[in-house]
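Undergrad: Listed below are the residues making up each chain.
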Amino acid sequence: MAKNAVRRSRASSTVREREQQQPLPPEAEQIAAAGSVWQRRHLLDLDDFTAAEIELVLETTDAMKEVLARDVPRVPALRGKTIVTLFYESSTRTRASFELAGKVLGADVINVSSSGSSVQKGESLIDTVRTLQAIGTDVLILRHGASGAPYLAAREAAFRVVNAGDGWHAHPTQALLDAYTMRSRLGDLRGRKIVIVGDIAHSRVARSNLWGLTALGAGVVVCGPPTLLPVGLGACGDALGQPPDDMEEAGLPPVRVEHDLDRAIEGADVVMALRLQRERQESGLLPSLREYSRLYQVNGERLARAKPDAFVLHPGPINEGVEISSEVAHGARSLIEEQVQNGVAVRKAILYLLVRGERPPTS
Amino acid sequence: MTDLLIRNGRVLDPGSGLDLVGDVLIRDGRVAAVGPNLPGDGVEVVDATGLVVAPGFVDLHTHLRDPGFEYKETIATGTEAAARGGFTTVCCMPNTDPPIDTRATVEYVLRTAAASARVRVLPIGCVSRGREGHDLAELADLAEAGCVAFSDDGAPVADGALLRRALEYARIHGLTIIDHCEDPEIAALGVMHEGWVSTRLGLRGQPAAAEQAYVARDIAVAAQAGGPVHIAHISTRGAVELIRTAKERGLPVTAEVTPHHLTMTHHAVAFSDGSTPSANGAGRDHPELVEGHHPELVEGLAYDTLAKVNPPLRSRDDVAACVEALRDGVIAAIATDHAPHADYEKACEFDEAAFGVSGLETAFGLCMTLVHSKALDLPTLIERLTSGPVRALGLDRFVSGLGTLAEGAPGDVVLLDPAAEWTVEPERFASKGRNTPLAGRTLRGKVVATVYGGEVVWSGEKVEA
Amino acid sequence: MPDGAVMSAEEMRRAIVRVAHEIVEQNEGCRDLMLVGMRTRGVPLAQRLAAAIEEFEGERVGVGALDIGLYRDDLPERGTRVEIKPSELPQDIAGKRVVLVDDVLYTGRSIRAALDALIDYGRPQRIQLAVLVDRGHRELPIRADFVGKNIPTAMQDDVLVQLEETDGTDQVLVTERRD
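Residue numbers (the working numbering), protein chains in the order written: chain A, -11 to 351; chain B, 45 to 509; chain C, 2 to 180.
What the hints contain is simulated information worked out from the structure, not anything from laboratory work. The structure displayed is predicted, hence computed values, not measured ones. Keep in mind that a hint or two might mislead.
As the list claims (entries may be wrong) - Restricting the straight-line Cα-Cα distance to at most 25 Å, the calculated cross-link-like pairs of lysine-lysine (PhoX-like) are:
1. C:K86 with A:K53
2. B:K490 with B:K418
3. A:K91 with A:K181
4. A:K91 with A:K53
5. C:K86 with A:K91
Stated by the list, open to error - A few chain A positions that, by computed beta-carbon distances, are all more than 12 Å from chain C:
6. E47
7. G110
8. P214
9. R268
10. L273
11. K336
Where is the CB? At the ideal position from N, CA and C, for every residue including glycine.
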């Protein structure tokens, strides 16, 4: 389909552009020229976002932040709209963040929780989606353990879908708030060195950040043990050293892969530590958490090799002493709390843009 | 009617070395003569002008789901689908419920086939009792009851020791063990090929090594046991290379490949190039959702469950290797691995969706893509669908002349139009399984009519002269 | 219907000075006064008013900027512009005499949205409205307290205020919309 072909070529053309320092791709110029038209019905992933679209979200977030600073942080922008949060995986911060975002915008927010898989529950995702459709949902915020679930929901429903995290695949609002946080401290992210450390293979936060940050022109380095890095990143070939055959068309963001954190972190502007789940060690991907933290923990000693004013991010919740030392997590360079604060503003911006940023009706 | 004269087609029977314009005369359900201008007094005539006339296709790998999963398919509907696809013989896999591991179940299958099947059904028996992978099934009994080969398909033969015993035991009956080569530890519950697409989609991947590891095991064990092993649905370059080397060494190894593994890659899971959305069926029957529902406006990745199959669709290089191996005969047969499922088993999250493609009715059209792109010539394609499969499993011991149009061979013929275009419409399939990633696609190459035992069991268009 | 420019730069300057005087007169001075410009063009207008007041009264009046994007009632129909910017108020508006400043008063819906926004910030003593141009066709019971110029228009006309700060030149244009 032409649509997807355009999207894929956009990923690779963006790479070429950055290398040749060409102007933004035509779609982005069009968007900028038309005065920030938002064309999306859903927020599923950042993989096909242009820099201009991300900029629009970040700018809108500025306005939303101001609202939150007021005595009465309420605006009627989404009054009368029904927002449903459907979380198949439990989460305190993301769900609360979305709920608050919706309420500040004046919408009615309903939280539906579903523990366990849809199969256990007996009702399929599609049936649930149809039920929500019938009760008049305008926006569904979905977190699900299966990658691709939000795409399924988006195909089946007339309402808008926001992906609050699907399997290992994407967590676009997290990446947007991470970008916003970095931008608010560093300004333009073009050319900045951003190091993401940890379990990249199982991290939807990492994947979305890779798309977002590379779209904004940052240089991204992913670092972790080979067992926690997914196939195909950074032009990794197979064990014989052969490059993957469809590399020209490889729809993966251009990142550098490093296994040595001491080397990777040199001169970094930002270090993002990912949560290491205990299950990874239990399923044999790591010999032990102790060895992991010895090699990959973001601590003061390592941070000294980064730029002197480098910042530290973490999507939370933190395993203190594992992927990040307590001292760094709570230290002056840490932006972890800001990330959470910015989360509500970013999610407000997303909800507003999805609901109010309609495609103009075709006459 | 078991007498039929098929007139004036291009008769293409690679198994007999035939390629001529002429007629095929069937008497009493068997091929009586092949040649130009045959006399056909009093016999029903089918005009095959402009068409290719080939032996009926033989599918070594079909899941008829009957007994036990009749909601997915039955022997009746599956064989109807086979007929439409040009297949006059299907070998049905034993992962039914109960599995085909006792004489009683074999007899059930044969009885049901005799009563309701459109085409010939040859049962494949289990290697292990209950397909549980511990003890050998009663292979001799199954053979006597009518099984033509053994497999635990759906799963690999569980361990090398069991495989060795099975090969040694089956050898005395001259029967082949068909193995689904997938190392479960390496495969690690992967739902698609492990590659950049699985990384992109955030899905657990099954690496090529999972197939190669078990192919290597099977070749080594077969060499030791001296018995023939047939590798089911091969999909990787690595495995192809192993088989090539084994054959060069003269080892008793054969292999088959599916039409989708010859033409589709893991891209199909992420990027749908068809014109209709995925989740076939779901959402489309609900008019209340149509308003405001614009499937084509959903951005992004397809997560197409209709492209979820085991072994998974692999990389372009793997596909190229399989095509090459098919061309030079390292892979002896095309087999569909027809795997029908109910709509709701595919209309769900990718992780949850069932594996399999309903492939009988699209096999020929899909394979013709290779002929049109000059990757394969038509006679070779026909060979790999007819005499190739028969030779791989030695099926002509059970049905003399099967897969050819030699004198005395069964009167199983397929009439093909290699240039005719048609659109894949799963709602009109004979198979209960609508699960194909080709919905809405236009294929070039069509089965015009199928003849089984001299009787026309499928004709898409009127062909009577 | 007049086509083209209906106010020149000189006419605009005089109108702004006159409105500034009227604001101070009506409010009996500058105590508790705050000018809040509505984005986008209301903001430079508010700044010009504040500059004029400082010149003849010698007092500095606070100037704020109000973005009403989150309060509009007509967004889907409006079409493509979705940019919203932060609002900035120089002080707490509780107890203040707020003068809302906008370039064109038309249906009144923007002003309604602005009133909602202001009240979410606090409780001003009073709210007044100053506009450069009043083009008629009110859809809500809203009126301006201070008007630069009344320009009767047809509904299909476009009225465009151009300011040096935002458009590089000062003029007010009225164009008939072509079908």
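Undergrad: All hints, please: hold or fail.
TA: Evaluation of the provided hints:
{"no.": "1", "hint": "C:K86 with A:K53", "result": "holds, 10 Å"}
{"no.": "2", "hint": "B:K490 with B:K418", "result": "holds, 17 Å"}
{"no.": "3", "hint": "A:K91 with A:K181", "result": "violated, 36 Å"}
{"no.": "4", "hint": "A:K91 with A:K53", "result": "holds, 14 Å"}
{"no.": "5", "hint": "C:K86 with A:K91", "result": "holds, 20 Å"}
{"no.": "6", "hint": "E47", "result": "violated, 7 Å"}
{"no.": "7", "hint": "G110", "result": "holds, 38 Å"}
{"no.": "8", "hint": "P214", "result": "holds, 44 Å"}
{"no.": "9", "hint": "R268", "result": "holds, 42 Å"}
{"no.": "10", "hint": "L273", "result": "holds, 44 Å"}
{"no.": "11", "hint": "K336", "result": "violated, 9 Å"}
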